[in-house]
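Chains as they are written, first to last, in our numbering: chain V, 1 to 342; chain X, 1 to 342; chain C, 1 to 342.
Incorrect hints may appear among the rest.
Remember, identical chains collapse to one label, so a pair may be satisfied in a single copy or spanning two.
Claimed, not checked - 27 Å max Cα-Cα, derived DSS-like pairs, lysine-lysine:
hint, residue 1, residue 2
1, 322, 339
2, 44, 187
3, 195, 46
4, 151, 89
5, 246, 89
6, 339, 329
7, 246, 308
8, 187, 279
9, 329, 311
10, 44, 311
11, 331, 311
Derived from the structure by calculation, the hints contain no laboratory data.
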Amino acid sequence: MLINELAQLCGAIPQGGDAERPIDSAADIMSAQARQVTVLSDGKYKKYLKDCRASACFVAEALLDGDIPAGLTLLVCEDPEMSFLGAVKALHPEPALERLISPQAAIADSAVLSADIHIGPFASVGQHSSIGDGSTVDAGARIGNHVVIGKNCRIHPNAVIYDHSQIGNNVIIHSGAIIGADGFGYKYRDNQHVKVPHVGNVVIEDNVEIGANTCIDRGALGSTRIGWGSKIDNLVQLGHNNSVGKNVIICGQCGISGSCEIGDGAILAGSVGVADHVKIGTRAVVMARSGVSQDVDAGAQVWGSPAKDRKTAWRELAALAKLPELMQKIKQFESRLTKLED
Amino acid sequence: MLINELAQLCGAIPQGGDAERPIDSAADIMSAQARQVTVLSDGKYKKYLKDCRASACFVAEALLDGDIPAGLTLLVCEDPEMSFLGAVKALHPEPALERLISPQAAIADSAVLSADIHIGPFASVGQHSSIGDGSTVDAGARIGNHVVIGKNCRIHPNAVIYDHSQIGNNVIIHSGAIIGADGFGYKYRDNQHVKVPHVGNVVIEDNVEIGANTCIDRGALGSTRIGWGSKIDNLVQLGHNNSVGKNVIICGQCGISGSCEIGDGAILAGSVGVADHVKIGTRAVVMARSGVSQDVDAGAQVWGSPAKDRKTAWRELAALAKLPELMQKIKQFESRLTKLED
Amino acid sequence: MLINELAQLCGAIPQGGDAERPIDSAADIMSAQARQVTVLSDGKYKKYLKDCRASACFVAEALLDGDIPAGLTLLVCEDPEMSFLGAVKALHPEPALERLISPQAAIADSAVLSADIHIGPFASVGQHSSIGDGSTVDAGARIGNHVVIGKNCRIHPNAVIYDHSQIGNNVIIHSGAIIGADGFGYKYRDNQHVKVPHVGNVVIEDNVEIGANTCIDRGALGSTRIGWGSKIDNLVQLGHNNSVGKNVIICGQCGISGSCEIGDGAILAGSVGVADHVKIGTRAVVMARSGVSQDVDAGAQVWGSPAKDRKTAWRELAALAKLPELMQKIKQFESRLTKLED
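Next comes chain V alone, as it looks inside the complex:
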């Protein structure tokens, strides 16, 4: 694709250099070479622009000053990140999977499959399940019984969807994710843990993405819910009966016990833990590695284990760093006091 074409496709104005040159691929500003397009969207990377070897670079007008290599065509646009993202997609199109059901797949008689789907080898679809138009179930994935999968979903290899799960449209589930296993609940009677039957399910709304090897347990009686547009990273544990709002971000290795409510737009950074029955408010931010044992207000930013207001937690941390020295000082006080008292 020529620079000109790419610019037009991505809503940018070429400026400088030769916009008739071809672009083959995309790269970041530090490693891009000739025939590549890159992006400058953050002022802190501006220092790399003067030595940039890319043929073209998306940039906002605000970042346009400074040294620009002679051969570089700037692609001036309003939102360089989004224009570049469009360019990446255009230059590296996702390979289309053939629309077919592998003869090596196992489809139950009562499953209802749309015509326009891809089912890979060794994938299996259970009784009474349905899969919508444009969806893909990759090699080795298991779709249980009575599962509903909407349109344009992609279930990657070896993911497992247990019985009765409901999955909306445009949902991506990465390899090894386990949707709908039993929650972890027992009653201790007569010297043994008696399993609480889990007869609920998992409901995943549209536009959700679920990372590799993430586990989302079914509800005990009702549903575990993941709201519209929420994104969940790899190796996350989401226990039974949690309710995750819309556009929530849950980063890698978070663990959410059970019966929690995570408000719309909340962000849980990496390895956050949340205790049972906790409510996390709308747009709250829980910083990395925090352990949340109490409700978090909407918009709050919390940190630590147990998590508290970020600034309070940091003040404590700063104080702790001074504590060894403070203890020395207090010893001196003691002698000064004693001296005065004598």
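Got chain V sorted already, so can you dock chains X and C onto it with the hints?
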């Protein structure tokens, strides 16, 4: 099922309402509707009873006072949790899996399978392995060579059991769990990490449940053992040569390094880490997100990282919260002292 | 195998006992019995030697004094750990997998497979992928399109290698590991998280081992790299664009966000977290459960969350333990001060 029938089945006495009404399903006290049964087992949910729309509710005599909706049939019993659990099972029976070996499974010649089992499509069973009566190996699960699986086990889709694992009766292993992978051990020689061969195995006793995507490594020479009735949640890492006692509870995302001994009835809450060669005593409780680096006494309750006695740790935490303020006070002391000294 | 033969094979000199006795297997010094060989490599286990029931024991000259059971043949050698490791391999040889492609595997037309390989049932290999001599792809593993796998690799059951991954020689990938899933990146526009396309890949160099259920995400544009000889334990999350050096050790449940650089020979103990764009220097050691938010110097040893110099962190910890008592003391100071002031 009629309320009367359910009551009889679950050892409860109907009281009030019309016990000839039908019940279709079970729900929690806040969301239950007509034709549903619910339970009140914890005084803190008692406030929901007066607006409860369920047709029937299991309850202990001790919780019987207060406003009760006119149409609600109380099901008075000794242990409402267990009675309700029985009702859930009766109303939502687990679908029976056909007793067959899928023609799309791969069973080694020398494998010994009982007649009364279910093996799903794309499951494979290796050489010299045996599977007992009533057990299920679901779609895509891999049973290695020389594996013994007892009676009435359920191996969920895409779980993997490595060679030589021994699994008792009534064991549930959820999807994606990996039983018997090599432990993590190397010797550093000549500028490289030389792999320690792992020739031990994993032994899982009766009535154990293992969560989705949990990993239990084989012993280096001997066995990694999980004792009778222990329950392990999702995404847990259990390293080589650990010995887990009976009726132990290990919650999600715990990590137990290696060669540890976890005593009978111990509880490890979510995301607990345990260092190598640590002993955790009988019925000890390790609270969530603790890091255990030293032995824990039987019956002890520990918290923190490194974990210590729960009360001691909390006192430290409370003190830390006051530290910033304390530092202010100490500054004032300093001036007061200096003033006195002058 | 006779003790004499084992000694010769493993570079040891038999001393005492009857070296013509047979050895069947290996065990640790505390549990070894007759016909077993064991090892004493660490002085702290020396106390077990006098009651050792093994037929033979590898030991270094330095540990040779003290009571030695009459029937025990010592196998004196320079490096008992390595000699024993050789003995374990000789006594417990890994079973050879038949060199064949299962008729129940799915191999794309354009895949290029060496003759001398094992592909298990329900494994699948995508278009344009190649697998080198001596490699094994076990049951149910999925190799995507355009994947390169070198020689003598072992891909365990149900592991998944996404498209375009490049894997060197002698690489072991355990069950359930997911190599090359999309990184976790979104741009928030118009009230939704827009997915950043991930068109990079994962490159794994020779002699790497990857644990069960570990996830290594592909680069957004470039590659996520794992250097020569590095060893990664189970349930580790390695995000997009990380660069892991040579001979790095990453223990179970670590989480490394993205775009980090981990220097050669660095060690990350269990459950360590590393924030985006952090550099960890050569041979640095990050102790268990630390959260690293800033660069770590080469050779440094850090601990805590946020991680800091190990000794500094421990001093703070020790001070914190004394804080509750200190607060009592400060109260007393206050009264003493007030008294003096009056």
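Here's how the hints hold up against the structure:
no., hint, result
1, 322 x 339, "both (26 Å within a copy, 24 Å between copies)"
2, 44 x 187, "between (55 Å within a copy, 18 Å between copies)"
3, 195 x 46, "between (58 Å within a copy, 24 Å between copies)"
4, 151 x 89, "within (21 Å within a copy, 34 Å between copies)"
5, 246 x 89, "within (25 Å within a copy, 33 Å between copies)"
6, 339 x 329, "both (15 Å within a copy, 17 Å between copies)"
7, 246 x 308, "within (24 Å within a copy, 37 Å between copies)"
8, 187 x 279, "both (25 Å within a copy, 26 Å between copies)"
9, 329 x 311, "both (26 Å within a copy, 20 Å between copies)"
10, 44 x 311, "within (26 Å within a copy, 34 Å between copies)"
11, 331 x 311, "between (30 Å within a copy, 21 Å between copies)"
Of the numbered hints given earlier, the model fails none.
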